[in-house]
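Q: In the order they appear, the protein sequences are chains A and B.
The numbers in this note's numbering rise by one with no breaks, and the one at position 66 of the first sequence is 90.
The numbers in this note's numbering rise by one with no breaks, and the one at position 37 of the second sequence is 91.
Calculated from the structure, these hints are not laboratory results.
Think of the CB as a built atom: it goes at the ideal place given N, C-alpha and C, for glycine as much as any other residue.
Worth double-checking, as some hints may not be accurate.
Said to hold, decoys possible - To give an idea of the interface, some chain A residues facing chain B are shown, with a C-beta separation under 8 Å as derived from the structure:
| # | residue |
| --- | --- |
| 1 | Gly81 |
| 2 | Ser90 |
| 3 | Asn150 |
Unchecked claim - So these bits of chain B aren't anywhere near chain A, every CB distance computed over 12 Å:
| # | residue |
| --- | --- |
| 4 | Ala114 |
| 5 | Leu186 |
| 6 | Arg229 |
| 7 | Phe250 |
| 8 | Tyr262 |
| 9 | Gly324 |
| 10 | Pro332 |
| 11 | Ser341 |
| 12 | Arg437 |
| 13 | Leu448 |
| 14 | Gly458 |
| 15 | Val489 |
| 16 | Thr504 |
| 17 | Glu535 |
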Amino acid sequence: MVRSSADRGINRGDQIGMMFFRSFIFFLGVLATLLIGWAGLVGIPNMMISEVQPPKGLERYTYEQSFGRSIYIREGCLYCHSQQVRPVGYGADQARFWGRPSVPADYIYDKPHLLGTMRTGPDLFNIGARQPSEEWHLLHLYNPRIVSPGSVMPPFPWLFEEKITAGPEDKVVALPDSIAPKGKVIVATAEGRALIAYLIGMNHTYPVSQASASNDTTKKK
Amino acid sequence: MAVQTITKEPFVSFASDAAEDVSEKQVRVQIDESVTSPVVLYFATGIGWLLFGSLAGLAAAIKFNLPEWLGGTPFLTFGRIRPVHLNTVMYGWASLAGAGMIVWLTGRLCRVAVQKTWALYVSAILWNLGVLFGVVSLFFGYNQGMEWLEFPRPAGGLIALGFLFFAYSIISTFRKRQVEHLYVSLWYILASMLWFPILYTVANLGIYDGVTEAAMNWWFAHNALAVWFTPVGLAGAYYFIPKVIGRPIYSYYLGLLGFWAFALFYNWNGIHHLVGGPLPTWLVTVSIVASVMMFVPVMAVAVNHHLTTLGHFRMLKYSPTLRFVVFGSMSYTAVSLQGSIESLRSFSEVAHFTHYTIGHAHLGVYGFLSMILFGAVYYIMPRIAKWEWPYPKLIKLHFWMSAGGIALYVIAMCIGGWIQGTMMNDPSLPFIASVNATKSYLWARSVGGTMMLIGHLVFAYQFVLIIYRSGPARYVPAWFEVRPTAALTGETKSA
């Protein structure tokens with residue numbers, strides 16, 4: 025039940041004006057909080073980082089690598105693999121030789137970003153440098169447990185096809201005899217080849233200048 | 055004397071000084087009748103997505119135990135089922151059920167029939183189409199590649215449009231309000247009506263590249279919680295706890311402090327998802343500071359909710375709604391304090407990149423938000439369906455399956471994740487050791503997930519019964535146990 029405003033000696037017009045004013049202040053405050061947050065966390069950093077120049081050693085993705093990157097997104101690799109190397113003294117990335125700490129300039133050609141937030145599997149920022157073998161990647165994508173016992177990674181058989189004989193361009197999966205199909209070979213499809221091209225191309229071992237290394241390196245042991 | 059008993063129905067603070075009479079009750083009945091169909095539509099479709107989303111989540115969980123299981127088809131690979139799970143439970147279940155609850159709450163709190171109900175039907179249809187389109191796209195691999203923003207643009211657009219229609223109805227109702235005082239729940243509801251469209255628009259501007267896109271991604275993802283999901287849950291907790299117990303909220307001023315501190319600090323939190331990442335140090339530090347500052351709104355809300363409940367724990371024995379909602383509000387305190395600590399660099403060094411984060415996320419979205427939504431559905435449905443829940447024992451089963459399941463889930467993932475992080479940070483161990491160490495915890499997680507799914511099936515079954523008014527007729531509220539005072543006073547208040 026609405027209490028009568030006359031009880032409290034307030035003019036009805038003033039009261040509506042007051043209610044309107046209070047709602048206005050409320051919505052203004054609500055709007056301001058969100059937009060200030062956006063400016064601080066996204067807007068200002070966007071201006072700062074937009075001046076970053078691409079490092080000399082970083083190459084643009086080839087067409088095949090870009091296609092491979094879209095397969096990486098399609099199959100949801102980012103839910104288990106990060107693409108960022110932590111700084112010295114923070115975690116064991118350095119001790120595991122996963123590469124120098126990543127910097128904003130390393131990601132200049134990445135859209136969408138694939139930094140990731142999970143390491144069910146290892147970081148892939150330098151997987152091309154760490155594991156350049158095409159043969160290994162073929163086996164690993166066909167069935168991860170062939171080369172990495174205990175892995176919980178899913179197999180990706182639809183990136184491969186069975187053939188009677190492999191053509192000259194085909195990448196054949198070097199399956200052990202025990203699991204190889206009789207009289208047939210398994211070769212990578214165009215999608216599989218592109219994904220491997222992307223993975224092997226992922227090599228950020230080139231040097232970057234100290235100035236661009238403005239990453240989150242506060243913690244020093 | 056009959057009138058006297060009706061006035062025992064507790065009322066929240068804003069009207070507690072108004073003398074209640076039979077016409078008061080009629081006003082409430084009219085308000086409830088104005089929203090019956092839209093609320094049932096929101097709840098029913100939300101529960102549909104809950105079942106589907108839980109199945110997807112459970113399948114994704116089991117894939118950690120049996121990586122080859124359902125591994126032959128691209129549609130069911132882990133990397134597609136996981137985003138299907140997240141997006142259906144967030145944008146399908148939690149959003150639609152939350153919208154249903156908000157519609158009902160807004161009518162009650164503005165003490166007026168909900169306006170522009172046609173917009174609510176349009177909203178529910180657009181929203182469901184958006185989720186459906188998005189889910190099918192994800193199965194086919196059309197993923198935008200950013201967590202929480204996976205749905206292709208058209209699907210996201212349909213949902214955003216649905217939200218605008220929804221907000222239109224809520225704000226129209228607010229403008230017709232018959233109350234002078236705005237209750238705390240309404241602040242959260244109104245703020246989110248404004249926040250969510252802005253958040254979504256700004257996130258989709260497409261002006262971000264490289265690492266700023268990552269900053270935007272996590273600003274958005276964390277803020278989806280800050281400007282939509284958490285306000286929904288808190289609006290529910292602020293309403294149902296005092297309502298069921300029958301006393302006003304502990305402190306209005308703490309509510310005020312909690313709201314504005316929440317608005318100020320929460321939307322600065324997102325970048326703690328990128329601790330140790332290739333972003334400017336100050337940016338991550340700002341987010342950590344804001345995350346720790348969340349202690350202020352969280353403690354204000356915690357004191358308010360828990361001190362309102364204090365001394366009335368006996369009620370948890372009887373009221374299903376209160377049991378779910380109090381579980382939810384306790385989870386909110388726990389998950390928020392955990393989150394503040396988790397954002398610290400030293401803690402993140404171990405917990406980041408591990409299953410610990412997954413456990414934390416589920417404590418928030420399930421332990422807090424979903425439990426409050428369950429409580430809300432149990433409270434609202436008898437009032438709009440004019441039929442009591444037929445089987446209180448099934449409500450009890452649902453509660454214990456959900457509560458036990460989420461407890462097992464969170465404990466297993468937090469312990470397993472911590473061990474995983476510790477081993478990952480020990481370079482003397484091979485990386486695969488951190489995978490193998492988590493396996494038994496991941497099995498426990500699957501068991502917890504199965505329990506939750508059973509709870510949801512029981513919930514959905516009884517929901518179908520109540521909308522068709524089937525099952526044994528019940529003329530007293532579906533309390534868990536016969537409530538002595540209710541039996542004495544002849545109170546006819548629903549669960």
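Q: Now tell me if each hint is right for this structure.
A: Status of the hints after comparison with the structure:
1. With 8 Å as the threshold, the beta carbon of Gly81(A) stays out of range of chain B, its nearest partner Cβ sitting at about 16 Å, so the hint is violated.
2. With 8 Å as the threshold, the beta carbon of Ser90(A) stays out of range of chain B, its nearest partner Cβ sitting at about 13 Å, so the hint is violated.
3. Using the Cβ-Cβ criterion of 8 Å, the hint placing Asn150(A) at the interface with chain B is not satisfied: the shortest such distance is roughly 13 Å.
4. For Ala114(B), the non-interface assignment is contradicted: its Cβ lies about 9 Å from the closest Cβ of chain A, within the 12 Å cut-off.
5. The claim that Leu186(B) lies off the interface holds: its Cβ sits roughly 20 Å from the closest Cβ of chain A, which is beyond the 12 Å cut-off.
6. Distance check on Arg229(B): its Cβ comes as close as 9 Å (rounded) to a Cβ of chain A, failing to clear the 12 Å threshold; non-interface status is violated.
7. The beta carbon of Phe250(B) sits about 10 Å from the closest Cβ of chain A, which is not more than 12 Å, so the claim that it is off the interface is violated.
8. Look at Tyr262(B): its CB is around 6 Å from the nearest CB on chain A, not clear of 12 Å, so calling it non-interface is violated.
9. At roughly 6 Å, the least C-beta separation between Gly324(B) and chain A is not larger than 12 Å, which violates its mark as non-interface.
10. The claim that Pro332(B) is not at the interface with chain A is violated, since a C-beta of that chain comes within 12 Å of its own (minimum 4 Å).
11. Look at Ser341(B): its CB is around 7 Å from the nearest CB on chain A, not clear of 12 Å, so calling it non-interface is violated.
12. With a closest Cβ-Cβ approach of about 20 Å to chain A, Arg437(B) is found to remain outside the 12 Å limit, as its non-interface label requires.
13. The beta carbon of Leu448(B) is kept farther than 12 Å from every beta carbon of chain A, the shortest such distance being approximately 35 Å.
14. Every beta carbon of chain A lies more than 12 Å from that of Gly458(B), the smallest distance being close to 26 Å; the non-interface claim holds.
15. With a minimum CB-CB distance of about 6 Å to chain A, Val489(B) fails to clear the 12 Å threshold, and the non-interface call is violated.
16. For Thr504(B), the requirement that its beta carbon stay farther than 12 Å from each beta carbon of chain A is met, with the minimum near 19 Å.
17. With 12 Å as the threshold on Cβ separation, the claim that Glu535(B) sits away from chain A holds: the shortest Cβ distance comes to roughly 34 Å.
In this structure, the hints that do not hold are numbers 1, 2, 3, 4, 6, 7, 8, 9, 10, 11 and 15, in rising order.
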